[in-house]
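Trainee: Protein chains in written order, with UniProt numbering: chain A, 1 to 255; chain B, 1 to 255.
Worth flagging that the hints you see were computed from the coordinates, not collected in a lab.
Don't take every hint at face value.
[What the hints assert, rightly or not] Straight-line Cα separation of at most 30 Å, DSS-like style, residue types lysine-lysine; simulated pairs: (1) A:Lys107 with A:Lys80; (2) B:Lys107 with B:Lys80; (3) A:Lys224 with B:Lys224; (4) A:Lys80 with B:Lys152; (5) A:Lys152 with A:Lys180; (6) B:Lys152 with B:Lys180; (7) A:Lys80 with B:Lys80; (8) A:Lys255 with B:Lys80; (9) B:Lys204 with B:Lys180; (10) B:Lys80 with A:Lys152; (11) B:Lys204 with A:Lys255.
Number of protein chains: 2
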Amino acid sequence: MQSITSNQNNRVKEWRKMQSKKGRLSSGQYIIEGWHIVDEAIKHDQQIDAVIVTDANFLDQLEVDPAVTDTYLITPEVAKHISATETPQGVFAVLTTENYHESIPEKLGGSWLMLDNIQDPGNIGTMVRTADAAGMNGVIFGKGTADIYNPKVVRSMQGSQFHVRLYSGDLAVWMAAFNKHNVPVYGTELNDQAISYDDVEPTKQFALVMGNEGNGVSADLLDKTDQNLYIPMNGEAESLNVAVATGILIFHFVK
Amino acid sequence: MQSITSNQNNRVKEWRKMQSKKGRLSSGQYIIEGWHIVDEAIKHDQQIDAVIVTDANFLDQLEVDPAVTDTYLITPEVAKHISATETPQGVFAVLTTENYHESIPEKLGGSWLMLDNIQDPGNIGTMVRTADAAGMNGVIFGKGTADIYNPKVVRSMQGSQFHVRLYSGDLAVWMAAFNKHNVPVYGTELNDQAISYDDVEPTKQFALVMGNEGNGVSADLLDKTDQNLYIPMNGEAESLNVAVATGILIFHFVK
Chain A
1 MQSITSNQNN
11 RVKEWRKMQS
21 KKGRLSSGQY
31 IIEGWHIVDE
41 AIKHDQQIDA
51 VIVTDANFLD
61 QLEVDPAVTD
71 TYLITPEVAK
81 HISATETPQG
91 VFAVLTTENY
101 HESIPEKLGG
111 SWLMLDNIQD
121 PGNIGTMVRT
131 ADAAGMNGVI
141 FGKGTADIYN
151 PKVVRSMQGS
161 QFHVRLYSGD
171 LAVWMAAFNK
181 HNVPVYGTEL
191 NDQAISYDDV
201 EPTKQFALVM
211 GNEGNGVSAD
221 LLDKTDQNLY
231 IPMNGEAESL
241 NVAVATGILI
251 FHFVK
Chain B
1 MQSITSNQNN
11 RVKEWRKMQS
21 KKGRLSSGQY
31 IIEGWHIVDE
41 AIKHDQQIDA
51 VIVTDANFLD
61 QLEVDPAVTD
71 TYLITPEVAK
81 HISATETPQG
91 VFAVLTTENY
101 HESIPEKLGG
111 SWLMLDNIQD
121 PGNIGTMVRT
131 ADAAGMNGVI
141 FGKGTADIYN
151 PKVVRSMQGS
161 QFHVRLYSGD
171 LAVWMAAFNK
181 HNVPVYGTEL
191 NDQAISYDDV
201 EPTKQFALVM
211 GNEGNGVSAD
221 LLDKTDQNLY
231 IPMNGEAESL
241 NVAVATGILI
251 FHFVK
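Extracted from the complex, chain A is given alone in its bound form (with noise of 0.2 Å):
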């Protein structure tokens, strides 16, 4: 195992930068942190390219062996440099961004959930989780939705990730795909044109479309969907929060 114990050392530069996506697109890495995470990143056999400590035993509980995988010691200044949260736990993973998953399946088929310009990374990260619950088979990240390996977007979906497949892409062409497989694409939208979501029955097959916090769908692809859909409201609420209406639909529809 490697020791680094200064923020000049050219690695730390290299995690450092893998903050921000351009670094990521440099690298064709990540990083995750967390005990919780990087846990489930080696149990679901994710292709690791380094695990970073702040004490050496961390390895045997991580269950990591010095012999396979790339390891480093760092201190926790260091730690406190490369990390993305205040008060880092002192354990990080490095982690190939497999290109941002930018092709569509050949055979696309089961529940796909999509996501059109969500900002709120703790919105995105809890929309991965429950697409995870539902068992979904795959989340597409569209046009101004935070990016799949945004480290507040990475920490807030719990190991999700490692579950439920993730895309990144236009989701235009994603719904022609859709489309061409037979697979109906719902939208959300408050409009003459909405039917109440309880008026669809429970389907193994489906794309639902959810989309930014303030402005919903974006109006082009609303007029791509098979249907639009609302939930409807009996109080005085503007609106639900769109992780909870997110969660109302897909197991309405996972019933």
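Starting from the structure of chain A, add chain B where the hints point.
Mentor: The following block gives chain B in isolation, referenced to the frame of chain A:
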């Protein structure tokens, strides 16, 4: 309108103290901030003790009459001093805490949400918004749940606190009251005694207990429910976010 330019001013000191529960209990008041929520408070005829702005023109936009309501003009520095946010919008209001709505209504019916030891202010706010959207009668903040008037909770409720009634109290006492009024009480857990939420028919009368993010509803409360429910999950996620789970359950009930 009184003008205040110093953080040492006694009123400013009072307002700042309202960030803490001790300060709110001592004054019987709490402070809200931001255009949307102050506007909602005014529209819903809340008891407003003062409106505080950094620009006199804001009063016109809020439709506040300085002849009727106590108004204060403050500097951006004072705004920063009394704000719970990094970048205050320069619009505040001081409201009466209404003794934390502690007594149980004599007539008890309809639909209710109980929060047992919910930690995250964002989750609490989202759950209150969801209860509001579903047209529920009230939300009860039980032991361990953040304070109703905690500034972060207040902010994340986004005005729903003026639509749905909030209570603070002992959930065991409330559960006994629901029992007396024949309102079925549902807990949430993952064990042999729990049934799938989908096996409960939609209903207009119910009280739902949601529990701590990590540990769920406390065992002594689960013993006192009429029935405990779980949400079947097909995927690998360990759990749903508590606010998402709340949305799925409530919108199933009120369907």
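Trainee: Now tell me if each hint is right for this structure.
Mentor: Taking the hints in turn, this is what the structure says about them:
1. Taking the CA atoms of Lys107 (chain A) and Lys80 (chain A), the gap is about 44 Å. The hint is violated against a cut of 30 Å.
2. For a cut-off of 30 Å, the pair hint linking Lys107 (chain B) to Lys80 (chain B) is broken: about 44 Å separates their Cα positions.
3. Proposed proximity of Lys224 (chain A) and Lys224 (chain B) is contradicted: the alpha carbons are some 50 Å apart, above 30 Å.
4. Annotation: proposed proximity of Lys80 (chain A) to Lys152 (chain B) holds, straight-line Cα distance about 27 Å (limit 30 Å).
5. A distance of roughly 35 Å separates the Cα atoms of Lys152 (chain A) and Lys180 (chain A); the hinted pair therefore is violated under the 30 Å criterion.
6. Pair hint Lys152 (chain B) plus Lys180 (chain B) does not hold up; C-alpha atoms about 35 Å apart against a cutoff of 30 Å.
7. Restraint check for Lys80 (chain A) and Lys80 (chain B): satisfied, since their Cα atoms lie roughly 28 Å apart, inside the 30 Å limit.
8. A distance of roughly 49 Å separates the Cα atoms of Lys255 (chain A) and Lys80 (chain B); the hinted pair therefore is violated under the 30 Å criterion.
9. For the suggested pair Lys204 (chain B) and Lys180 (chain B), the alpha carbons sit about 17 Å apart, so the restraint of at most 30 Å is met.
10. Using a Cα cut-off of 30 Å, the hinted pair Lys80 (chain B) and Lys152 (chain A) holds, with the two alpha carbons roughly 27 Å apart.
11. The suggested pairing of Lys204 (chain B) with Lys255 (chain A) holds, with an alpha-carbon distance near 21 Å, which does not exceed 30 Å.
The structure fails to meet hints 1, 2, 3, 5, 6 and 8 from the earlier list, while all remaining hints are met.
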